[in-house]
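Enquirer: Sequence:
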Amino acid sequence: MKTDIKHRKTQGQTPCQNLFCVQRDVPLDQAFSELSVLLGCIRHLATEAEMENDRQAGSAVRILSELAKALIDDMELGVSRALVSH
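If you read the sequence shown in our numbering, its first letter stands for residue 44, the second for the next number, and so on.
Derived from the structure by calculation, the hints contain no laboratory data.
What you are looking at is a predicted structure, and each value in this text was computed from that prediction instead of being measured.
You may find that some hints are simply not true.
[Unchecked claim] Within a straight-line C-alpha distance of at most 25 Å, the following computed SDA-like cross-link-like pairs (lysine to any residue) qualify: (1) K52 <-> D97; (2) K52 <-> I115; (3) K112 <-> Q99; (4) K112 <-> A100; (5) K52 <-> E91; (6) K52 <-> T90; (7) K52 <-> A92; (8) K112 <-> L78; (9) K52 <-> K112; (10) K52 <-> A113; (11) K112 <-> A89; (12) K52 <-> Q99; (13) K112 <-> G83; (14) K112 <-> P70; (15) K112 <-> V80; (16) K112 <-> E91; (17) K52 <-> Q73; (18) K112 <-> D68; (19) K112 <-> L126; (20) K52 <-> G83; (21) K52 <-> E119; (22) K112 <-> A92; (23) K52 <-> F75; (24) K52 <-> H87; (25) K52 <-> A89; (26) K52 <-> R98; (27) K52 <-> A100; (28) K52 <-> I106; (29) K112 <-> T90; (30) K112 <-> G101; (31) K52 <-> D116; (32) K52 <-> L88; (33) K52 <-> L126; (34) K52 <-> G101.
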């Protein structure tokens with residue numbers, strides 16, 4: 044079953060840290076685009092942290108990874124709810 048994501052939205056229900064949250068009603072195609080950029084940054088930062096033995100960068104990688112995971116979980120909720128409602 045192919046899912047058209049053009050009209051799907053984030054749910055805004057997945058917590059990460061109190062300072063950060065996934066906003067409701069962001070189109071999933073935009074969210075996927077932002078997620079791709081975020082994951083690219085995380086990958087680059089993780090490589091740099093490992094090569095330079097940079098603990099601060101390693102901590103940033105963990106925080107950014109949590110943000111990416113929260114976004115993925117919320118996007119999954121949006122797709123699941125859209126499939127159930129059809």
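Enquirer: Each hint needs a verdict: does it hold in this structure or not?
Expert: For each hint, the structure was consulted:
1. This hinted pair does not check out: K52 and D97 have alpha carbons roughly 37 Å apart, beyond 25 Å.
2. Proximity of K52 to I115 is assessed by CA-CA distance (about 12 Å); at most 25 Å being required, the pair is judged to hold.
3. The suggested pairing of K112 with Q99 holds, with an alpha-carbon distance near 20 Å, which does not exceed 25 Å.
4. Of the supplied pair hints, the one linking K112 and A100 holds, its CA atoms being roughly 18 Å apart against a limit of 25 Å.
5. With a C-alpha separation of about 34 Å, the suggested pair K52 and E91 falls outside the 25 Å cut-off, and the hint is violated.
6. Proposed proximity of K52 and T90 is contradicted: the alpha carbons are some 32 Å apart, above 25 Å.
7. Between K52 and A92 the alpha-carbon distance is near 34 Å, which puts this suggested pair outside the 25 Å criterion.
8. Of the supplied pair hints, the one linking K112 and L78 holds, its CA atoms being roughly 9 Å apart against a limit of 25 Å.
9. For the proposed pair K52 and K112, the alpha carbon gap of about 16 Å is at most 25 Å, so the pair holds.
10. Our distance criterion of 25 Å between C-alpha atoms is met by K52 and A113, whose separation comes to about 14 Å.
11. For the given pair, K112 sits about 16 Å from A89 by alpha-carbon distance, which is consistent with the 25 Å threshold.
12. With a C-alpha separation of about 34 Å, the suggested pairing of K52 with Q99 is violated against the 25 Å cut-off.
13. Note on K112 and G83: the hinted pairing holds, with a Cα-Cα distance of about 14 Å set against a maximum of 25 Å.
14. A hinted pair counts as satisfied when its Cα atoms are at most 25 Å apart, and K112 with P70 qualifies at roughly 17 Å.
15. Restraint check for K112 and V80: satisfied, since their Cα atoms lie roughly 14 Å apart, inside the 25 Å limit.
16. Of the pairs offered as hints, the one joining K112 and E91 holds, with about 21 Å between alpha carbons and a cut-off of 25 Å not exceeded.
17. Note on K52 and Q73: the hinted pairing holds, with a Cα-Cα distance of about 9 Å set against a maximum of 25 Å.
18. Straight-line distance between C-alpha atoms of K112 and D68 comes to about 18 Å, which keeps the hinted pair within the 25 Å bound.
19. Only pairs whose Cα atoms come within 25 Å are accepted, and K112 paired with L126 is accepted, the gap being roughly 21 Å.
20. Restraint check for K52 and G83: satisfied, since their Cα atoms lie roughly 22 Å apart, inside the 25 Å limit.
21. For the suggested pair K52 and E119, the alpha carbons sit about 10 Å apart, so the restraint of at most 25 Å is met.
22. Restraint check for K112 and A92: the C-alpha separation of about 20 Å stays at or below 25 Å, so the hint holds.
23. With a C-alpha separation of about 11 Å, the suggested pair K52 and F75 falls inside the 25 Å cut-off, and the hint holds.
24. Under the criterion of a C-alpha separation no larger than 25 Å, the hint pairing K52 with H87 is inconsistent with the structure, at around 28 Å.
25. Straight-line distance between C-alpha atoms of K52 and A89 comes to about 29 Å, which puts the hinted pair past the 25 Å bound.
26. A C-alpha spacing of about 36 Å is found between K52 and R98, which places the hinted pair above 25 Å, so the restraint is violated.
27. A threshold of 25 Å between alpha carbons decides the hint, and for K52 with A100 the separation of about 32 Å lies outside it, so the pair is violated.
28. Only pairs whose Cα atoms come within 25 Å are accepted, and K52 paired with I106 is accepted, the gap being roughly 24 Å.
29. Of the pairs offered as hints, the one joining K112 and T90 holds, with about 19 Å between alpha carbons and a cut-off of 25 Å not exceeded.
30. Distance hint between K112 and G101 is fulfilled; the C-alpha atoms sit about 16 Å from each other, no more than 25 Å.
31. Distance hint between K52 and D116 is fulfilled; the C-alpha atoms sit about 12 Å from each other, no more than 25 Å.
32. At most 25 Å may separate the alpha-carbon atoms for a hinted pair to count; K52 and L88 exceed this at roughly 29 Å.
33. This hinted pair checks out: K52 and L126 have alpha carbons roughly 12 Å apart, not beyond 25 Å.
34. The hinted pair formed by K52 and G101 fails the criterion: a straight-line CA distance of about 31 Å is larger than 25 Å.
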